[in-house]
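Given chain A, put chain B in place with the hints provided.
If you're matching them up, the sequences are chains A and B in order. Counting from 1 along the first sequence, just add 589 to a position and that's the residue number in the working numbering. Counting from 1 along the second sequence, just add 18 to a position and that's the residue number in the working numbering.
Hints are computed from structural coordinates only; laboratory data are not their basis. Hints may be right or wrong, so weigh each one.
Stated by the list, open to error - Taking lysine-lysine and the BS3-like style, the derived pairs with C-alpha atoms no more than 30 angstroms apart in a straight line are: (1) Lys207/B to Lys47/B; (2) Lys1122/A to Lys73/B; (3) Lys47/B to Lys1101/A; (4) Lys73/B to Lys661/A; (5) Lys1049/A to Lys1122/A; (6) Lys1102/A to Lys1122/A; (7) Lys1122/A to Lys152/B; (8) Lys1102/A to Lys73/B; (9) Lys1102/A to Lys180/B; (10) Lys47/B to Lys1102/A; (11) Lys626/A to Lys1039/A; (12) Lys626/A to Lys661/A; (13) Lys626/A to Lys1049/A; (14) Lys23/B to Lys73/B; (15) Lys156/B to Lys47/B; (16) Lys180/B to Lys661/A; (17) Lys661/A to Lys1200/A; (18) Lys73/B to Lys1101/A; (19) Lys63/B to Lys47/B; (20) Lys1039/A to Lys1049/A; (21) Lys1102/A to Lys1072/A; (22) Lys207/B to Lys23/B; (23) Lys1039/A to Lys661/A; (24) Lys63/B to Lys207/B; (25) Lys207/B to Lys1101/A; (26) Lys892/A to Lys867/A; (27) Lys1072/A to Lys1101/A; (28) Lys156/B to Lys170/B; (29) Lys73/B to Lys204/B; (30) Lys73/B to Lys156/B; (31) Lys1072/A to Lys1122/A; (32) Lys180/B to Lys207/B; (33) Lys63/B to Lys1102/A.
In this text the structure is predicted, and so the values were computed from the model without any measurement.
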Amino acid sequence: MKLTNYIAHFVILFALAGSACTQSNNNGALGGSAAEKVYVAPGEQDEFYAFLSGGYSGNLTVYGLPSGRMLKEIPVFSQFPTSGYGYSEETIPMFNTSHGFIPWDDLHHPDISQTNGELDGRWIFANANNTPRIARISLETFETEEIIEVPNSAGNHSSSFITENTEYVVAGTRFSVPIPQRDMSIDEYKGNFKGAISFISVDEEHGHMDLSFQIMMPGFNYDLGHPGRGESHGWFFFTTYNTEEANTLLEVNASQNDKDFIAAINWKLAEEYIAQGKFTTMETEYAHNIYDERTHTGTSTMKKEVRVLDPTELPGLVYFLPTPKSPHGVDVDPSGEYIVGAGKLSASLTVHSFTNMMEAIETENFDGEAYGIPILNFEKITAGQVESAGLGPLHTEFDGRGNAYTTFFISSEVVKWELGSWEVIDRKPTYYSVGHLMIPGGNSRSPFGKYVVAMNKITKDRYLPTGPEMEHSAQLYDISGEKMELLLDFPTHGEPHYAAGAPASLIAPRSKKFYQLEDNEHPYAVMNESETKVVREGNSNIVHVSMSTIRSHFSPDNIEGIKVGDKVYFHITNLEQDFDVPHGVAMIGANTSELLIMPGQTKTFLWEPDKVGVWPFYCTDFCSALHQEMQGYVRVSPSSSNIELSWSLDGE
Amino acid sequence: MKTSKYIMICGSLLLLSLFVMPMWNITLKAPQYPDSIGMNIWINKIEDMNPNDIKNINLMNHYVGMAEIPEHMKEFDVFPIVIGVMSVLGIIVGFIGNKNLYLAWFIAMCILGAIGMYDFYAWEYEYGHNLNPKAAIKIPGQGYQPPLIGVKEILNFTAISKPMMGAYLLFLGMFMSLYAYFFERKLEKKEA
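Only chain A is shown next, with the shape it has when bound in the complex (with noise of 0.2 angstroms):
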């Protein structure tokens, strides 16, 4: 090749360089625009799951990072008439508790399974509030799989967050109580009152959930919860606040001391008193509720004993970390040695040292003592303060690269700060007082520190205003650089408090697609047409219908010989197999809500006919071109009348 030919080649070469460096400036400008970091295209999809708590919705919601489209509400601890949650006869069960049937609750907490201190995004688990409950969450289906109550314990907030191998899923009390509850007057609260902290066990394989063994504690307010990670693990840290003990106007009377406590409890220890027998076996009653994904169906079996560990009784099992005014959340960083301590009603932050509190525990550098259980040292547990942070601290999150953020409720922002140095990095307004935020596995030891998402708890002028009453409002700030950025706005449904996310790619390839009609084993399952019937129990006013679905018509579709009075149970198997085909049913007079059933399911409602006549149902899902031809009749005759059962479909 000739000497002119190179020097043309490098001409060219420079050339497409140049060109190519422009073209990364262009990109970079484009990167810059926060349009385009949370634009995901049609037919495109999200990089991370985000779930956040539905807070008095009772339901858990799903959604897509960083576009803030909401994929799908996952009913937990309330009825949804969506899909007949809470009103099949096979989900009625996952309702029960010991004060019965309790259609709704308030869900704050999602957490998601781990091991090693990392999300392996088998399930998620979450707390109902109100009525102490704990829900599993499959994270395959998408479903609740299990619901256990929470004896002891009112106002079950400081839930449900789970050690680092998901070892438990822990719940404290927010509410002290007479334990046993009793008949007693209020005004002797002091000293007689009781917090219950719970550790549920998980099965490594399941994950069933069992109440293993509770704490009793002194009767303080138990606020939140965090595991320990890594030298900290086998200890949990849980915020107090009205260390007062006061019964009456505690937005005054609990505010009086000028440090509540972080109770540090060693579980592991917990456990070796258990091994050893020194608990007590108390008499209480709890639910323990579990749906079968192959059954579909859900059963629920009273419990009546909890073991009981005294930690004025068991030395070292609890120390309290004296931190400043009504500390509110408890975060521990991906290492495990800074213990942060929101005081809501201060202006910064204390962060503890598990080192430093470990020396303390050994040199028995204790400032008292608390209903016997020893006061750590302020002074020497302590790591470091964020100054002048903000107003009103409440949850901290990490990003994995020595960064920490934590909310403020009264002065409305997210505060970037710096582990160690404790130095302020950035801060970005919130629209408007935001309560928790989430980075996905910002609570583990290996968050994904890419976005943080802050749930706010007023929305005013966000949104187009919908009267009096709107959505929340939650902001997606970008913090993969050095100064965080705002990108988006969504609005949320009910009211989130805590949140949970996982990268997509950890969880969208095990979601199922739809269950397998050879695996059903419901009682009343079809597996083809042929095997649908209608059945009288003897001669009572008992029915089963067997009824299949498959686009598009219901077999059998015509049904004689129903008496008013009778009840009838309508038992339909889905016979779809193919992603997202559901069929679902609806029937006229029914006191109860549709059924929307997946492919392979078989659910079931109860109808109670109450006039004779001639009653029409069909399909409530678009589930095909002729899904408005999918219909049917049942004749209901006299409760004296003789028609024997019949059922067709076709004339066959």
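Chain B in isolation, oriented as in the chain A frame:
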């Protein structure tokens, strides 16, 4: 043993691959089926491309009155015998080592193959045209016959019909017998 014998015997043995792999595939694509649905056709069965595909094809096709894809056809009894017999015959021919027999075997396979393709076409024609008069969706003049080979638009679906590994190995086996014939003929000419 002479080279052409090996080629002929190997070619005949390749026919047996039809017992362990599918011969043909028909795939249907539509926006509502992002993963496509389809069936693999063997000499003795029709199988789901992905689990439940045939069930879902039948479900869809019943709206236009098409019959269900049969679980059993007479061809499923005949084809394995024909393939088995031809493979054995080919091996025998290979041992005999007569080049004219190679050619005869190849021609016999071509004729049988043509009959097979015609039979496949006839089934497809029947499948696409024998419609239930009570069908919910009737479109005058619309046939639903899948293509013998290649791509065809059928209402909202794109139907793709193509040979699979079994058929490719069958073709390879046949052409190996033809190659054995020419190879032997060239060798004989040289010797003469």
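Just pull the numbers of the violated hints for me, sorted ascending. Numbers 1, 5, 14, 16, 17, 21, 24, 25, 27, 29, 31, 32, in rising order.
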